[in-house]
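Residue numbers (my numbering), protein chains in the order written: chain A, 4 to 255; chain B, 587 to 941; chain C, 1439 to 1812; chain D, 47 to 371; chain E, 3 to 241.
Calculated from the structure, these hints are not laboratory results. From the three backbone atoms N, C-alpha and C, an ideal C-beta is built for every residue, glycine too. Possibly wrong hints are sitting among the right ones.
A few chain D residues facing chain E, derived, Cβ under 7 Å [claimed, not checked]:
no.: 1; residue: PHE165
no.: 2; residue: LEU249
no.: 3; residue: GLN256
no.: 4; residue: ASP257
no.: 5; residue: GLU259
no.: 6; residue: MET260
no.: 7; residue: GLU262
no.: 8; residue: SER263
no.: 9; residue: LEU264
no.: 10; residue: GLY265
no.: 11; residue: ARG267
no.: 12; residue: PRO367
no.: 13; residue: LYS370
So the chains spell out like this:
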Amino acid sequence: MLETRDLTIRFGGHVAVNAVSCSFASGTLTAIVGPNGAGKTTYFNLISGQLKASAGTVSLNGRDLSGQPPSARTRAGLGRAFQLTNLFPNLSVLENVRLAVQATQEGPHRRGLNLWSIWSDHQGLTARADAILAEVALKAREHDTVASLPHGDQRKLEVALLMALEPQVFMFDEPTAGMNAAEAPVILDLIRKLKQDKRKTILLVEHKMDVVRELADRIIVLHNGQLVADGEPAQVIASPIVQEAYLGVAKA
Amino acid sequence: MSRVLSHDLPRSRWLAVILVALLLGLAFAPFLFPGVKALNVAAKVVVFVVLVASFDLLLGYTGIVSFAHTMFFGIGAYGVAIASSRMGAGWEALAVGVGAALALSFVLSLAIGLFSLRVRAIFFAMITLAVASAFQTLASQLSSFTGGEDGLTFKMPELISPSFEFAEEPFLGASLDGRLLCYYLLFVLAVVLVLALLRIVNSPFGRVLQAIRENEFRAEAIGYRVVVYRTTAAVLSALFATLAGAMLAIWLRYNGPDTSLSFEIMVDILLIVVIGGMGTLYGAAIGATLFVVAQSYLQDLLRMANEAVTGVPWLAAVFTPDRWLLWLGLLFVLSVYHFPTGIVGRLRARALARR
Amino acid sequence: QPKEIRIAHVYGKTGALEAYGKQTQTGFMMGLDYATGGSMAVNGKKLVVIEKDDQGKPDLGKSLLATAYADDKADLAVGTTGSGVALAMLPVAEEYKKVLIVEPAVAASITGDKWNKYIFRTGRNSSQDAISNAVALDKDGTTIVTLAQDWAFGRDGVKAFKDAVKKAKIGHEEYLPPTTTDFTAGIQRIVDQLKDKPGRKVVWVVWAGATTPFNALADADLQKRFGIEVATGGNILPAMTAYKRFPGMEGATYYYFGLPKNPVNEALVAAHYKAFKAPPDFFTAGGFSAAMAVVTALKKTGGETNTNKLITAMEGMSFDTPKGTMTFRKEDHQAMQSMYHFRIKQDPAFAWGVPELVREIKPEEMAVPVRNKR
Amino acid sequence: MSNFDWKPLALVPVLALLALPLVGSPSTWLTLTVAGLAMGMIIFVIASGLTLVFGLMDVLNFGHGLFIALGAFVASSVLGLMGDWTGSQQLWRNLVAVFPAMLVAMAVAAAVGLAFERFIVRPVYGQHLKQILITMGGMIIGEEFIKMVWGPAQIPLPLPEALRGSLFVGEAAISKYRLLAVAVGLVVFVALAWTLARTKIGLLIRAGVQDREMVESLGYRIGRLFVGVFVAGSALAGLGGVMWGLFQQNLIPQMGAQVNVLIFIVIIIGGLGSTLGALIGALLVGLMVNYVGFVLPVATQFASIALMVAVLMWRPQGVYPVVKV
Amino acid sequence: MNLLELQGVHTHIGAYHILHGVDLVVPQGQVTMLLGRNGAGKSTTLRTIMGLWHASKGRVALAGQDITAAATPQIAALGVAYVPENMGIFADLTVKENMLLAARAAKRAEQMDAARLQWIFKMFPAVEKFWNHPAGKLSGGQKQMLAVARAIVEPRQLLIVDEPSKGLAPAIIDNMIDAFAELKAQGVTILLVEQNLNFAKRLGDTVAVMDNGCVVHAGSMADFAADTALQQSLLGLAI
Ligand SMILES: Nc1ncnc2c1ncn2[C@@H]1O[C@H](COP(=O)(O)OP(=O)(O)OP(=O)(O)O)[C@@H](O)[C@H]1O
Ligand SMILES: Nc1ncnc2c1ncn2[C@@H]1O[C@H](COP(=O)(O)OP(=O)(O)OP(=O)(O)O)[C@@H](O)[C@H]1O
Ligand SMILES: [Mg+2]
Ligand SMILES: [Mg+2]
């Protein structure tokens, strides 16, 4: 179980995430919605350690992770994908994934601190990376460098890296943004499949309400950094604050 | 074979041919190219291959731009120089010198590696530039220890000194003496060190370094503690540079601030990495050979060119050996123009295109 | 019997000391020409000069000298400009058992503890510089502060100077970083040391390199404000432009074309004016002297280039130079030579401050210590 | 500007005051402080071109020193032709000689800068490593050309008569030339700061460095702008060369390389792209060198480096970063 | 009348042949939607129009003028505003400075058209809210708003936007659709690449669909919207 307590960050005078306390049980997919700039990505950044909280704590299964650097949190089981694509642009698609697979390894080849074995000898890593690429339908381009991929494929790779980490908590930040209607289902199917594993916790930031409606077990709403609604999807979507501030229905 | 090269094969037929030629050329240099000058050039090539390869680990693989690399080169050379001149010629002196130098390099590179995390890339580069120049000043100021500007001249163990002759008659034009043994000592050392580096860059560790070079932020996010890898790379590269410095001192039996610490050498290293192709150790080897040979024979070449054009005064003024630096400068500019991805990059791209 | 005598001249043809090196080469060739009466041959053997550019780099100097001896079969060598390079070259001469005439590197240790029997030096050494300056300044009731660069060259010079000063008092030694560009602080320190001292007050400067403290010293107007004089040795002509602002300044120099009066110097000045329409400079004279030494020695051996014969011929050998007669003393092969006590005069005809001869300091007047171990 | 950050500006007086007890005598302190500030101004002038080229355009120009040397050598030729004017005791006649020298030096440096941008820098915008190499190459070539034109030897560049010597206030001395340098430095500072703050040029360059294509998509000819700024930077370096040459009164072809590290330090202390920062950096370096030179001369060579490291520990981007790295 | 015309455009990136003869027309005063799968070459087409990549064959014409070989600034100066796929935000510059750069007529911030700014602020509140903040600190959606705001800060005749709705909250998407409609009413011609089919249907007048570096369908939006079978075959829609 992932839990944040009074998680807060200030940028100068601006409070981007304001005392958000929330816990996420395994086996549920929680959608996080809210207007642009509500603090969704920032909230993810605080959980995964890219930003240091001004106050509050993050804990996973009761273990406090607040002081840890991002790498340690990832190893503890917090995995995330980024909203704006953030990959290793001049390495091949396969190597990108392989690096992520390697990062999860324990034992003698632990996280690449091994200076003396030969990388390509680790066949297991390659096989696993291949499997993941097949899952996101990127196998055909595995030897291309990431920089030459179209935008949509880069978004898929972003998700592939997250899958490779095999975390306990998956944080998706608008995984299908910029992906066309034919491709998005590949990713959504993946997420659906993940949902079936009851040990996993999934957090999903998404602006497409049809997707949210279909996938979410629970929705929380962030607005101006604050947690303003939390509950059943239907009920939350119907709430006035979502209708007005987010969907802009009142105006229309 | 493939294992010896850590499965990092040349991936281009031409590249393979060049590398083999290079290896054989260096292995038989004393017999193929007789003469003192040729042997000196070959030895310098050998030292520079190690030095540049060690720098490539830092620059090409990890993406850290540091101008302080000659500092470690200098430490290695001074280690041997100071120990040999204080303790007298001998293997113990060598061991002590190299050991002390490695220890000092370790500490300094650790500090620098950690500091590199505090400031961003270009600033770090400029700081190392300043630190390196300060270190050079320091080396010439501590003259009671380092011989100051004048440097130190010292002797090597008998076995690898020129005075040691193990056969009267020259063999294939090369005199069989300690100098020859010394050359082979360096050559074997260089081969071992380069293979070790090749192993390191092709290990899981090496791959993480490349990931950090590409996108440090993401490398951290997928679970690699960037500080650890970066610092380790900085330390390793410093240690290899230190060894290269020791090799230089062993060969020259002399060391001084200009010989191993000067900014000029740093720039040469940079140029070699770029000519050869960043992020490929093979590039370091080819680049080093090309550059050192060009640099050593540039003046001779110009002398010939100069004689050819003596009739045309202004041409002669440009082609005089005194203006060899002009041509070196041009070499800098042109190689950046024509080898954006280095020689290795070029060759590999050709091989790919052919496929 | 080979028909030619091969002489390698290693010098800083390019690099920071390019200007100095080229003067030496010019002087050397003029000297050979003069010494052989234009024939460029001794005993019918042609003199062949092999030029090597050490670029001011010790490691390169070393390898070039070895190349010259081994690959180019040089019989003897002359060089080089930088002291560091020269020091690195000394063991090579020993290794190949060939003579090396050092010119113009000044470091005392070349003929001191780093010396070996193949090394001769026609150039002055830093002791000679310092001692002659001491002779020029050493008076009762004088307080001297030295101002030097903080490196071996500076400290050597000051030490030799101090050893040679007998009557005057050395008030303070000021060392500044070799690359100093702003002398305000250094001058301030010197003034603080010197301003309240009784009697004659002198700052003696020993400084090599392009940026010298003289302009800063002149700007500070020490003479008028505190009665502090400035003194220094000689230098190349462009550097002596700064001396123009110190009329009456005294010191001792190695060479200035107007100072020595002898036929060799007259020949050098005439030849140099003819070739370049300018007077010969500091290092030209040195190169000329080295050539005179080479030819004199070869004449003595009858054109033989056998190293031992050369050494025997050269030890104690006297030879004519633009600075009068020099003698390689037996102990350390250092050429004993005259130095010139001068006083600066402003002369609008010259761009530099002109040194006028106060008196020639003869070799016998200078107790130049022997520092080598034989 | 209510939220102006005063702290770095305050660093200058703070450093001066801290030095007072260490130096001891107030008159010595005054001499050192005034000389240090004036020295800082000279350093600022030689570094000012680099605030444009390195600070704003993000070009690691190791050849910048070349323009400094070039400016100095050109000035020596121009002043050499005007012997009557420089030899005069009258200040105005001297200045009449110095100003054309500055103008010609700037013009020559600008012209060479134009070629340098075209052939050396243009292919490597945005690639630091290659910039270092190619500009080093350019620098070497340029230095050799200087040797071919003016000879390899050092050449004197005597100060015009009336600018020599010092003004004396009690025991404290201030050399006259430094006062001129302060004036020139202030003019350069105001001109630069005004242009960058009041026109879009500064913005465009910063934007162009981040995303050249986008700036072009907005309709600006970034190529021309970069040329212009590079040329301006070179001209400023030429001016700096005149000032530096007259200060040293002695020129060697390598003089450009010798100031390279110094000016990079100044720009880094100041923060990339900031004119004010560069000024503060230069003043701090000028003061620091003088104080340390007085209190502990051996440490002088390390003073500016230590200063830089200390500043970066405090502000990793320099004191007034305009361009963030 | 067609404002923009591409005839048989081929584009290479390095050794890769990306566009294989694109034919595309953008009628004056209308909204044209460019659709297609990931990697179909939509962004490449836009970049080729802007002169960021040059066509190796074929012809690009703007208002009858050949711009195939023209430089990007020249094309922009003809009155084309472009929002690239990666938004092209100058992260170190403040929002204000970003806007100022796009306002070519204004030398200083005060000289920007105040009324137009107010109009932009109303649609994209984040732009006003973060006016003096570095643009790099904006959230993903806020950056997207800034990118579009920047393209419309001054009137232009042709507006080209690569995926305008990406990452935007539904309310803001509505605003954006209103904005484009208003611009169209002012006579601006608009070319949009869009993945969001709803968005495309609501706004588009004509449509072109790309696949594999070619335009494989072109026609009116109304027809396309009605024909689900066509949509399915061209875009691979599951629904
Ligand atoms: N490093 C930062 N410095 C200053 N402000 C920041 C920083 N990061 C985020 N912010 C501000 O915090 C607020 C929340 O941003 P965040 O990226 O979390 O929004 P979001 O909910 O993910 O929006 P979107 O849906 O547009 O992606 C924004 O107003 C943004 O400007
Ligand atoms: N810099 C590049 N180098 C090599 N190939 C590239 C490069 N940029 C794009 N491509 C290739 O060009 C093709 C078309 O890419 P483009 O970005 O135009 O697609 P797109 O239709 O915009 O896709 P998306 O909807 O994902 O943005 C892709 O196959 C891509 O791999
Ligand atoms: Mg977000
Ligand atoms: Mg696209």
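Hints versus structure:
1. PHE165: violated (21 Å)
2. LEU249: holds (5 Å)
3. GLN256: holds (5 Å)
4. ASP257: holds (5 Å)
5. GLU259: This interface hint holds because 5 Å falls under the 7 Å limit.
6. MET260: holds (4 Å)
7. GLU262: This hint holds: GLU262 of chain D lies near chain E, its Cβ roughly 4 Å from the closest one there, short of 7 Å.
8. SER263: holds (5 Å)
9. LEU264: holds (5 Å)
10. GLY265: Holds - the Cβ of GLY265 of chain D comes within 7 Å of chain E, reaching about 3 Å at its closest.
11. ARG267: Because about 5 Å separates ARG267 of chain D from the closest Cβ in chain E, which is inside the 7 Å limit, the hint holds.
12. PRO367: Hint on PRO367 of chain D: violated, closest Cβ of chain E at ~9 Å, above 7 Å.
13. LYS370: holds (5 Å)
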